[in-house]
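Go ahead and model the full structure; you've got the sequences and the hints to work with.
Chains as they are written, first to last, in my numbering: chain A, 1 to 113; chain B, 1001 to 1111.
Derived from the structure by calculation, the hints contain no laboratory data.
Treat the hints with care, as some may be off.
Calculated cross-link-like contacts (lysine to any residue; reagent style SDA-like; alpha-carbon spacing at most 20 Å) [stated by the list, open to error]:
no., chain 1, residue 1, chain 2, residue 2
1, B, K1026, A, E59
2, B, K1026, A, L46
3, B, K1103, A, R42
4, B, K1056, B, S1073
5, B, K1026, A, R42
6, B, K1103, A, S86
7, B, K1103, A, D85
8, B, K1103, A, L47
9, B, K1103, A, H5
10, B, K1103, A, E22
11, B, K1103, A, P106
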Amino acid sequence: SQTIHQWPATLVQPVGSPLSLECTVEGTSNPNLYWYRQAAGRGLQLLFYSVGIGQISSEVPQNLSASRPQDRQFILSSKKLLLSDSGFYLCACPSRGGGNEQFFGPGTRLTVL
Amino acid sequence: SQQGEEDPQALSIQEGENATMNCSYKTSINNLQWYRQNSGRGLVHLILIRSNEREKHSGRLRVTLDTSKKSSSLLITASRAADTASYFCATDRQAGTALIFGKGTTLSVSS
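Here's what the structure looks like:
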């Protein structure tokens, strides 16, 4: 069965500090991978998606970046965090349903102070 | 950009009542999906309805789709306290593309 691990679960960081969030996927190979951000009381905003190792597409301009060093690993980074980067970050991949359903990880709660 | 817009934004009902949430979208779609999110957790897929379908059932869930009005509804029958969560609709324009989510409806079911 599919499993997505996200690390860390929660993070509190000062403005201007770097960021690295990790997502690893099990139970599937060569998946499309997605990073979403959910601000408080808002819906999900797609940040990045990747169709393979080293292939990253950015959906919105921002101070975040993503990398995919391995097939089942997706990393979200920033060199200098902003207050507006606070939110709930979710990693997702296609589920096995075949209808473009997405399977989500447990998320990382980031608070930038 | 967000394509789906759910309403109401918040809904409070008693156990046993039915809950209806609506979703409107702007462009043509391949399919429409509904997801549930418990507080502080990831999203869980509930049901998918294809653009050529009008109604679909899964347990206590009933989803309708009206492509002429670009709208969908999610009905949860005989609600339970455990149904308390946020519900999101999501659309995609083509198979295999990224989903676009609405802002969600927060459902509170009290016992």
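(Q) Holds or violated: B:K1026 and A:E59, Cα atoms, limit 20 Å. (A) Holds, at about 19 Å.
Q: Starting from B:K1103, check that the Cα of A:H5 is at most 20 Å away, please.
A: This hinted pair is violated, its Cα atoms lying about 25 Å apart.
Q.
For a C-alpha distance cap of 20 Å, please report whether B:K1103 and A:D85 respect it.
A. 18 Å, holds
Q) Does the structure keep B:K1103 and A:S86 at a Cα separation of 20 Å or less? A) The hint holds at about 17 Å.
Q. Taken at face value, is the distance from the CA of A:L46 to the CA of B:K1026 at most 20 Å?
A. 17 Å, holds
(Q) B:K1026 and A:R42 were given as a pair; does the straight-line alpha-carbon distance stay at or below 20 Å? (A) 18 Å, holds
Q.
Tell me if the straight-line CA distance from B:K1103 to A:P106 falls inside 20 Å.
A. Given that 20 Å is the threshold and the Cα spacing comes to 19 Å, the pair holds.
Q. Hey, B:K1103 versus A:E22, does the alpha-carbon distance stay inside 20 Å?
A. Violated, at roughly 25 Å.
**Q.** 20 Å Cα cutoff - pair B:K1056, B:S1073
**A.** 11 Å, holds
Q: Could you grab the alpha-carbon distance between B:K1103 and A:L47 and see if it respects the 20 Å cut-off?
A: 16 Å, holds
Q | Restraint check for B:K1103 with A:R42, where alpha carbons must lie at most 20 Å apart | A | 5 Å, holds
Violated hints, listed in ascending order, are 9 and 10; each of the other numbered hints is respected by the structure.
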